[in-house]
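Engineer: Residue numbers (UniProt numbering): 1 to 319.
It should be emphasised that the hints constitute simulated quantities derived from the structure, not laboratory data. What you were told as hints is all true, and nothing was included just to trick you.
Here are the simulated DMTMM-like pairs of lysine to aspartate or glutamate, each with C-alpha atoms no more than 20 Å apart in a straight line:
{"no.": "1", "residue 1": "139", "residue 2": "26"}
{"no.": "2", "residue 1": "217", "residue 2": "170"}
{"no.": "3", "residue 1": "108", "residue 2": "134"}
{"no.": "4", "residue 1": "139", "residue 2": "111"}
{"no.": "5", "residue 1": "21", "residue 2": "146"}
{"no.": "6", "residue 1": "120", "residue 2": "134"}
{"no.": "7", "residue 1": "239", "residue 2": "170"}
{"no.": "8", "residue 1": "139", "residue 2": "92"}
{"no.": "9", "residue 1": "209", "residue 2": "170"}
{"no.": "10", "residue 1": "120", "residue 2": "92"}
{"no.": "11", "residue 1": "23", "residue 2": "145"}
{"no.": "12", "residue 1": "209", "residue 2": "196"}
{"no.": "13", "residue 1": "283", "residue 2": "273"}
{"no.": "14", "residue 1": "284", "residue 2": "274"}
{"no.": "15", "residue 1": "30", "residue 2": "153"}
{"no.": "16", "residue 1": "139", "residue 2": "153"}
{"no.": "17", "residue 1": "120", "residue 2": "74"}
In this text, all values refer to a predicted model and were calculated from it rather than measured experimentally.
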Amino acid sequence: IKIEDGVEQVATQIKSRKEFKNKMADRVMKISKNLMNEQESDPFGEETEEKKGKRKRHLMKDLSAEKGWLTWKEAQKLLEEYAHYGLSMIREVRHVAFPYHLITSIPKSIEFIANAQVGKFRRQVKGIVMAVGEISEVKAVRIVDDQNVFHADATVQQIVFRPQKDVAYECVVTMISSRLITSSLFGQITVTTLLDAAAQAVLKGITLKTGDTILVKYSNSTVKRSICVLQGSLVRLVKRGKGGDYIHTPKKSKKLDDDEDYEEKEELKEEIEEEIVHKEKKKKRKSEIKMEVDDDFEIVEEKKKKKKKKEKHFDEDCD
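Whole structure, please, built from the sequences with the hints as guidance.
Structural biologist: Listed below in structure tokens is the structure:
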């Protein structure tokens with residue numbers, strides 16, 4: 001009887017799980033169909049007020065805008081001008097899993113996730129995502145087994161950069177060290193170049209500064225945690241920029257220069273006087289210590305003499 005009761009309990013639990021799963025699947029299907037049919041009027045990243053309080057919160061804020069990534073129009077212009085650089089437009093079908101609380105904002109969530117990958121290397125497209133365009137063909141969402149997330153597929157339009165070997169790229173210098181030149185390609189991708197003897201020969205004595213445009217021949221790249229850094233060799237200096245290494249100081253009047261010289265001399269004089277006073281104090285202290293030592297020595301000597309006299313008188317009395 002106990003065994004039969006246990007089997008019945010397990011059967012009812014399985015049945016209730018299946019019913020719950022079917023209900024959730026139906027609900028998700030209805031919501032997804034409604035979302036596909038209606039057009040969203042709220043702008044991306046709009047601020048709304050919560051019902052329970054006056055505190056404002058951001059809904060799916062576009063983080064790529066804060067970082068200064070390229071917009072879709074800017075990326076399209078680059079694609080037209082620099083197609084030989086390795087830029088291309090592709091459509092990628094992306095599979096995304098969401099928690100249940102995002103069920104009412106599926107398109108925004110997919111757009112947010114896609115924009116978070118801008119400027120990073122994606123293994124799936126074998127390149128760096130420069131910009132994200134239209135997101136279409138969001139298929140009906142679904143639940144897999146008893147997972148606490150729902151799944152969806154969407155087609156994402158992207159402009160991707162795939163560096164071409166032995167192609168020379170125009171880069172803007174951002175930092176210079178004794179052995180390395182760091183530059184930026186499209187304002188998003190970091191390019192490093194060795195400042196070796198070959199590079200020095202190309203420059204012919206010219207000192208680079210930030211803001212200069214150089215031509216770098218691509219050789220290889222390094223990817224670490226979705227951050228891609230390109231390496232190459234310096235071909236030539238294309239043009240000089242405004243730069244930030246050299247700081248322009250305005251000319252000072254002769255009167256100000258004389259005043260500064262006078263102040264410096266006075267400060268130097270005060271420092272010398274302080275050193276002299278310090279040395280004199282040190283000497284005085286040493287002499288005082290010496291005198292104290294001499295006085296102590298004389299007192300000890302007198303005591304010894306008195307003791308000897310007493311011993312002598314005592315010996316005479318004994319005789």
